[in-house]
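Chains as they are written, first to last, in the numbering used here: chain A, 714 to 918; chain B, 714 to 918.
Among the clues, some could well be false.
Repeated chains share a single entry, so a pair holds when one copy, or any two copies, can fit it.
Said to hold, decoys possible - DSS-like mimics (lysine-lysine), calculated; alpha carbons at most 25 Å apart, straight line:
(1) K907 / K857
(2) K760 / K907
(3) K767 / K778
(4) K760 / K717
(5) K790 / K717
(6) K857 / K746
If you're looking for bench data, these hints aren't it; they were derived computationally from the structure.
There are 2 protein chains.
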Amino acid sequence: MKKKNVGILIFNEVEVLDFAGPFEVFSRTRIEKGAESRRSEDSAPFKVFTVSVKEEIIIATGGLKIFSDYTFKNFPKIDILVIPGGLGTRALLNNEDVLNWIKSVSNEAEITSSVCTGSLLLAKAGLLDNKRATTHWGAIGALKSINKNIQVVDNRRIVNDEIITSAGVSSGIDMAFMIIENLYGEHVANDTAKYIEFHRSKENV
Amino acid sequence: MKKKNVGILIFNEVEVLDFAGPFEVFSRTRIEKGAESRRSEDSAPFKVFTVSVKEEIIIATGGLKIFSDYTFKNFPKIDILVIPGGLGTRALLNNEDVLNWIKSVSNEAEITSSVCTGSLLLAKAGLLDNKRATTHWGAIGALKSINKNIQVVDNRRIVNDEIITSAGVSSGIDMAFMIIENLYGEHVANDTAKYIEFHRSKENV
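Looking at chain A on its own, in the form it has when it is part of the complex:
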């Protein structure tokens, strides 16, 4: 099978679980169920990688040091774009290079998604205009303030209105499972949830 490329943006002060949750879920998904299939990439439907603006050690919130796989200069085609959140999004809200990159990758991608305050960046890039969207409960006001025509939803864990946005931090794990369920069926999503022993929030709140 042709694997889909999942590109996750990372930046200084990105919230750890915002990017690590979807990274874990997408990278450990297998079409073939069980634990054995996770020992190889044979039935892995995704190739997951991180992208940063430039080559440097990225310091996530709490001090975790990560090194991206690619930069804005050399990243491969992205089928599923994931924009995580964190306090570091604030510094990027006026970074035209980052906003233009998000807009142009989103235009080519099959799926554009955000976790937590990653939606602030999608909003600033103009991708949420006239759409329903959500974010971390502490940033609902911030999202509304970016553009009055965004229909900000404050009582759902995941909002899918062409662009997929999720609520705070751990919601990104549920969002990744929802994307997998839509692409490959509930059994593939649930089998992967069983592998990582994650209890999905089915009620979407």
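Starting from the structure of chain A, add chain B where the hints point.
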């Protein structure tokens, strides 16, 4: 307040969520509730860092590249030791340097804990002798085979028998919350869970 040092071992082929889950939970805990308190370290009860054998880029499962804060040669005192799992634990089962490090740090630590197959390393280090313990559902047999006198539990998410072991991957997030609840009360754990929008598995299964 004096912060407790949380040391998380990382190694090649460590499972991403095994270390990133507890990293997120401990590093985002604040005694003062709400979202604002997370913007500073003022009421943070923990200082969280990663430790690897030596200075090198660590490649986690799925290819995530991380850089440790400390090595076996220069790590500070560890109050809470977290040993994550992943396929990479297998290569460490006969690594005397790693097993001796775990044993000696555990002896000095207030709390020793593992996520997923991290318990295989605790078992090999002799720390689970005559204790109840758990691991990922796919590794129950492997844990039993290390030492017949370990009382392997296969139906609990967290097992606390002086040493704290948790089941697969995401269970480590619940384990971190349990440790926080025991140290600082349920309100601190639940407020942090609310901040990262994580639904704790209260039933412990």
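So, going through the hints one by one against the coordinates:
In this assembly of identical chains, the alpha carbons of K907 and K857 lie at most 25 Å apart only when taken from different copies (21 Å versus 36 Å within one copy). For the homomeric pair K760 and K907, the shortest alpha-carbon distance inside one copy (20 Å) is at most 25 Å, but the shortest distance between copies (31 Å) is not. Within a single copy, K767 and K778 get their C-alpha atoms as close as 15 Å, and across copies as close as 15 Å, so both meet the 25 Å cut-off. Taking CA atoms no more than 25 Å apart as the test, K760 paired with K717 passes inside one copy only; the shortest distance there is 6 Å, against 37 Å between copies.
Proximity of K790 to K717 under the C-alpha cut-off of 25 Å is restricted to the intra-copy arrangement: shortest distance 9 Å within a copy versus 43 Å between copies. In this assembly of identical chains, K857 and K746 lie within 25 Å of each other by CA distance solely across copies; the values are 24 Å between and 41 Å within a copy.
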